[in-house]
Amino acid sequence: MIDDEALSAWFCDAILSHEAALMRFIHRNWRDAGEAADLRQEIYERVLIGARRELPRNAGHYLFAVARNHLINRAKRAQIVSFDLVADMSALGVPGEILDAERHLSAREELRRAQAGLDLLPPRCREVVRLRKIEGLSTRETAERLGVGINTVEKQLTLGIRAMTDFMLGGSGKIQRWAAGNDKAGAASHE
Amino acid sequence: MSDARRIEEQAATWLLRTEQPDWSEEQQAELHQWLDESYSHKAAFWRLEHGWQRADRLAALGGKETVRARESRPVPNWWRGAIAASIALLVAIVPTYFVATGGFGGVGSEHVAEQRFSTALGTRKTVALVDGSKVELNTATFIRARVDTRRRELWLDRGEAYFEVVHDPARPFVVFAGPRTITVLGTKFSVRRDGNRVSVSVIEGRVRVDYGGTTTTTRPAATIGIGDTAVSDGDSTIVASGSIEQVERTMSWRRGMLTFNNATLADAAAEFNRYNTRKIQILDDQAAQVRIGGTFEATNVDAFVRLLREAYGVKVEVEPRAVKISA
Chain A
1 MIDDEALSAW FCDAILSHEA ALMRFIHRNW RDAGEAADLR QEIYERVLIG ARRELPRNAG
61 HYLFAVARNH LINRAKRAQI VSFDLVADMS ALGVPGEILD AERHLSAREE LRRAQAGLDL
121 LPPRCREVVR LRKIEGLSTR ETAERLGVGI NTVEKQLTLG IRAMTDFMLG GSGKIQRWAA
181 GNDKAGAASH E
Chain B
1 MSDARRIEEQ AATWLLRTEQ PDWSEEQQAE LHQWLDESYS HKAAFWRLEH GWQRADRLAA
61 LGGKETVRAR ESRPVPNWWR GAIAASIALL VAIVPTYFVA TGGFGGVGSE HVAEQRFSTA
121 LGTRKTVALV DGSKVELNTA TFIRARVDTR RRELWLDRGE AYFEVVHDPA RPFVVFAGPR
181 TITVLGTKFS VRRDGNRVSV SVIEGRVRVD YGGTTTTTRP AATIGIGDTA VSDGDSTIVA
241 SGSIEQVERT MSWRRGMLTF NNATLADAAA EFNRYNTRKI QILDDQAAQV RIGGTFEATN
301 VDAFVRLLRE AYGVKVEVEP RAVKISA
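These protein sequence lines are chains A and B, in that order. Per the working numbering, the first sequence starts with residue 1, numbered consecutively. Per the working numbering, the second sequence starts with residue 1, numbered consecutively.
Simulated from the structure, these hints should not be mistaken for lab results. Honestly, I wouldn't trust all of these hints.
Label pairs and their in silico Cβ distance ranges [said to hold, decoys possible]: (1) A:GLU144 <-> B:ALA270: 21 to 29 Å; (2) B:LYS324 <-> A:ASP119: 35 to 43 Å; (3) B:ASP3 <-> A:GLY50: 17 to 25 Å; (4) A:HIS61 <-> B:ILE238: 21 to 29 Å; (5) B:GLU317 <-> A:HIS61: 54 to 62 Å; (6) A:ASN151 <-> B:GLU317: 34 to 42 Å; (7) B:GLY132 <-> A:GLY149: 47 to 55 Å.
Please read these numbers as outputs of a predicted model, since none were measured by experiment. We treat Cβ as the ideally placed atom computed from N, Cα and C, and that holds for glycine.
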């Protein structure tokens with residue numbers, strides 16, 4: 001059994017560096033783009049379960065093998081794709097370019113990317129992330145500084161964490177927010 | 001909402017709470033329980049933790065981003081005070097980040113593995129970094145290190161550690177501890193972090209303590225040497241010049257011991273509680289103000305409490321999860 005510390009280190013280093021490629025793979029092979037984030041999460045869960053006894057030697061190949069199996073199983077279960085498509089995918093090897101893990105960025109590139117990700121956030125979310133990351137304020141201090149409730153700050157920061165993570169891992173930085181209606185009601189009550 | 005999205009939101013909420021100054025061991029235990037419920041929780045939490053950490057470089061930004069935001073976009077009223085205040089603060093700590101990174105910012109794809117080390121409550125561990133430097137982790141500590149041919153960087157995310165740094169003028173050894181950075185070339189020192197409060201003690205060489213999360217700043221908070229301790233909280237830094245014996249006393253945890261010299265019982269109890277799940281609770285002020293001295297085994301609460309009862313005549317109630325002390 002691999003301990004959590006080692007498993008987490010491996011997952012962050014060897015698996016997450018493929019996230020942009022994994023998302024391309026999912027989008028290419030799955031019709032409903034709205035389900036991509038869910039599929040990614042399910043694939044990561046299976047990746048960890050499969051690796052907990054022994055870390056696979058080639059993380060990239062392993063990740064895409066898990067991903068392909070999962071898409072096929074989901075497709076069969078939901079019966080949403082024709083059998084032809086499933087057959088195609090079974091035959092499909094993982095294209096070489098997809099296996100390229102993202103290289104580690106230099107400090108300056110990493111800063112540039114973080115800055116670009118920050119710019120993409122909605123204004124209130126951006127301000128909360130800024131106060132956290134640049135000024136190091138706690139949620140309580142942020143709430144006091146902005147004159148809003150701590151729940152509002154937590155909600156915005158939660159969104160910021162998810163969006164910044166997506167962007168830092170090579171995604172668009174745009175994530176689905178809360179269930180329809182929920183978000184508006186929560187935010188509006190503080191204004 | 002899909003399961004995956006619900007889990008991701010829960011994971012993000014956990015993550016932001018771990019960064020709050022009032023994050024407690026009870027919460028830490030709850031988080032572990034939540035993580036252990038499913039690999040789906042672990043995947044979501046580890047991913048966000050990793051991605052969110054990668055955005056830490058933002059700490060190097062000056063006020064530019066904010067100024068641009070103010071010029072180009074209408075800002076709602078309730079934000080405005082906040083932005084004005086933050087510009088003032090950022091000007092005060094403008095880091096010379098771009099100068100600092102100029103030397104290595106252009107390098108291409110270099111694989112830098114991050115090493116992570118942690119200790120559970122009441123345990124200690126000594127680890128070696130790839131440059132040969134030695135780090136000794138005290139109780140409930142979490143560190144991350146990145147060492148390559150150009151730099152040596154280490155993040156003290158939680159807890160306390162003692163460093164013996166191999167001398168290398170070409171690669172400064174930088175410790176990021178919350179709002180402070182500690183820069184050395186080769187020396188022996190310890191750093192303790194309680195939320196945003198950071199204390200640095202030196203037993204050999206010199207150490208520079210700076211504001212902000214960058215490798216170089218224009219305004220170093222303090223440079224300290226042998227026998228000195230710098231304590232930073234918020235914007236202020238206090239330097240206490242002492243003796244090597246005093247500093248060594250603060251590092252007695254490296255032998256598994258706690259040393260007190262005329263400390264209040266309240267402070268001593270807080271120290272013991274860093275190492276043990278059975279917490280010492282002081283029930284009244286009179287007991288809290290009792291002064292004690294001596295050297296104790298950090299994980300032997302029973303011996304400490306026995307001595308208190310015998311030498312100071314305080315009342316002691318022993319429960320499975322707590323030891324309650326009153327005058």
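Is the distance from the Cβ of ASP3 of chain B to the Cβ of GLY50 of chain A consistent with 17 to 25 Å? At roughly 20 Å between Cβ atoms, GLY50 of chain A and ASP3 of chain B fall inside 17 to 25 Å, so the hint holds.
A range of 21 to 29 Å was offered for this pair. Does it hold for the Cβ distance of HIS61 of chain A and ILE238 of chain B? The hinted range 21 to 29 Å is violated for HIS61 of chain A and ILE238 of chain B, with Cβ atoms some 55 Å apart.
Within 34 to 42 Å: is that where the Cβ-Cβ distance between ASN151 of chain A and GLU317 of chain B falls? 38 Å, holds
Quick one: are LYS324 of chain B and ASP119 of chain A within 35 to 43 Å, going by C-beta? 53 Å, violated
GLU317 of chain B versus HIS61 of chain A beta-carbon gap, inside 54 to 62 Å or not: 60 Å, holds
That 47 to 55 Å hint for GLY132 of chain B and GLY149 of chain A (C-beta), does it hold up? 50 Å, holds
Just to be sure I understand the hint, the distance between the Cβ atoms of GLU144 of chain A and ALA270 of chain B should be within 21 to 29 Å; is that true here? Holds, since GLU144 of chain A and ALA270 of chain B (Cβ atoms, about 26 Å apart) stay within the stated range.
Consistency note: the structure conflicts with the earlier hints numbered 2 and 4.
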